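J.: In case you want the letters, here they are:
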Amino acid sequence: MDITELQEIAEKERANQKEIRVHCCTSTGCRAANSMGVKKNLEAAVKDHGMSDRVQVVGVGCMGFCGNGPLVEIDSKEKLYEQVTPNDAESIINSLNGGGIPTAPEGDLKHPFFARQVRIVRETSGKIDPERIEEYIAAGGYQSLYKVIHDFTPQQVVEEITKSGLRGRGGAGYPTGLKWATVAKMPPGQKFVVCNGDEGDPGAFMDRSVLESDPHRVLEGMAIAAYAVGASEGFIYVRAEYPLAIERLEIAIKQAKKLGILGSQIFESNFDFKVNIRIGAGAFVCGEETALIASIEGGRGNPRPRPPYPAQHGIWGNPTLINNVESFANIAAIIREGAEWYASIGTEKSKGTKIFALTGKVKNNGLIEVPMGITLREIVEEMGGGIPGGQVKAVQTGGPSGGCIPASLLDTSVDYESLAKVGSMMGSGGMVVMDQDTSMVEVSRFYMEFCRGETCGKCIPCRAGTVQMYQALTKIINGEATEADLVKLEELCEMVKFTSLCGLGQSAPNPVLSTLRYFREEYLALLKQGVLNGKVAVHG
Amino acid sequence: MSVKTLKIDGKEIAIEEGATLLQAAKEAGIRIPTLCHLDGITDIGACRLCLVEIAGINRLLPACVTEVSEGMDVQTNTPKLKEYRKMIIEMLFAEGNHVCAVCVANGNCELQDLAIEMGMDHSRFPYRFPERDVDVSHDEFGIDHNRCVLCTRCVRVCDEIEGAHVWDVGFRGAAAKVITGLNQPWGTVDACTSCGKCVEACPTGAIFRKGATVGEMDRDRSKLDFIVTARELKQWTR
Ligand SMILES: Cc1cc2nc3c(=O)[nH]c(=O)nc-3n(C[C@H](O)[C@H](O)[C@H](O)COP(=O)(O)O)c2cc1C
Ligand code: SF4
Ligand code: SF4
Ligand code: SF4
Ligand code: FES
Ligand code: FES
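Chains as they are written, first to last, in this note's numbering: chain A, 31 to 570; chain B, 4 to 241.
These are calculated hints, taken from the structure and not from any lab test.
No false leads were slipped in.
Calculated pairs, BS3-like style, for lysine-lysine (alpha carbon to alpha carbon, straight line, at most 30 Å): (1) K180(B) <-> K518(A); (2) K89(B) <-> K518(A); (3) K85(B) <-> K527(A); (4) K10(B) <-> K527(A); (5) K85(B) <-> K518(A).
Quantities reported herein were computed from a predicted structural model and do not represent experimental measurements.
Hey, can you work out the whole structure from these sequences and the hints?
T.: So this is what it looks like as structure tokens:
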């Protein structure tokens, strides 16, 4: 395979594409609402109407508006239909001939939910068939990989990524270029590239969506990374709960290998890159990089102390680059458009875009890709459409490691530093909007219950501390706690935060700490309630 | 091999490169509490008792797995560290079921010693009273999970020194426990060579030699019977 062949595939594919493409989402969210039935009927309707020569039904990846699925989009006409049932299919196809209006509700593609998005990672999500490499190539796919192999030295690739300002999307926001440089600098030999698709945060499904909708984009990013750091083998770690993502990755790897885009002598160069899939059993802690490595090696997914960092001592002791799915999915676009272009999007220290899974009480639920620096208010009120008949009380970001940001701080900019400053974090992209009826103490107990169940149990502060914190929160909620219990809870939070071995324990107290910071009166009210109910005696 | 110089609790120390802070402190006669550490097996930094403060590093690091480096300025016993350690020990007592008075290890237990060292006289945290098993299926040894602190010293000593890898950790979080074989009764695990290394490695009374436990006194009542009836039955040996 060389560049002319790649372009030939792209041109042939584009030439074969019909005038009207009817996109039907076949990702997990819409599938659960029977989008496969919709797709079948759409195809039958096209045939019945004898429109096969100009209309093509394409099963595409996630369009983002998953809360209103199944979604069908008429690409060339910029029309979107929501909550489509198999019975609506006929009317949608008929309307393409000017015959009546479809029976499914029409969505508003001009709504800020769509209009305010900036799509880099999700550029072709919901636009192409993730099970056909030709569609990805027709959309410009794998050109970046070709470009780096033939025009860039590995060093130049690292420099380009460094210049782009991309930071890890797995939560911590570590500069990607710096991480690549560290692995690249390790002496030549066996090195590994790992894509972290464990995605264990409750409510998060950004990475699943990327893997299901555009697996080749992730593979291309990994291959570019492998070229840059000198690795010849990679792993994608995906949880077993994501069967569709695994299936599509398998298809994608097979197709890419067949075309000589993965495997040995990629694009007729002497660069080899082989990708394996590793299926995780769905433990949150296995998303932690050292636990993930242990799991890939076949051991129990327990974190270990760092240093040494995976960049020096990773899989089987070899230098290993670990990045998140979304981080890798940014790479091809950065190479194609250039680091300056990427760095022009976002804020001074947080570049590019971030995908969020917007959920909770907001009107519009789904996946959004927004530029860094957008405010929470713009996301919640404009894109999310606010809370119908209610009021925003808080926005939770960062899942069990993050915090709750009160409505008074909705003008906070969405970037790594600003979110940390208000006691939360960017996290991997969960964003839950809460209304006035939400008890913040209950919220912090919910996350503590999650951590209590997910701690690996290796280190004492996290194993025993999460149990004790959960119990203390329960005592408060039951109106059985005194102020001394609250003090003890705060001491526990501090101890667990500073003494735990890995990020899970270190950040497990965050939801409690942030709700104590902004909603302390709710805790105090519960203490008072206990005294009023006679459950707690008043001392001195 | 080059030598590194550093300061621990204000004391100047020179030690070879690659040594851990724990080794350096020991050489200087400074005690850092430990529980999951055992000389001779790999350190895992799990119990967090040996955490120390290092000037210029904004997080606490475990002395057992942190290598010395030139010019380090280490504090091992600040009020904060003491407080954290005490809480860790208190949580351990609240987490399991420890009744020292009837324990094989009473007076000879690292957990007990640590509690005394920390000046702990009770646990501020509510006792959990978990339901845990005792496995006495092995001919010579037993394990009482009520007293296990999950230090995994048994796991490592069996794997790294005996090479039998009988032990492992199973389950997650509060349900985590050490298991033998594929979570089967210890006595049915063929890989166990009955070497007893885990018994020696265990810091608490969790793993014990049979016959050592309180309440395990065997009474041979048939012996009385034998003495009384031997003449009558003309049965001179038993
Ligand atoms: C408890 C825990 C869970 C994590 N889960 C994930 C995850 O599901 N996906 C992920 O990419 N990173 C996760 N991380 C972060 C990884 O350890 C690691 O920092 C990340 O994969 C690095 O990639 P990045 O630099 O591209 O963000 C987790 C960290 C912790 C402490
Ligand atoms: S902090 Fe929690 S999850 Fe991390 S190593 Fe310790 S026990 Fe395991
Ligand atoms: S193991 Fe130690 S602390 Fe626990 S009961 Fe026995 S002697 Fe007491
Ligand atoms: S049985 Fe003993 S050595 Fe093994 S983990 Fe428990 S306390 Fe540690
Ligand atoms: S799953 Fe169909 S739009 Fe997201
Ligand atoms: S002795 Fe260092 S963490 Fe246990």
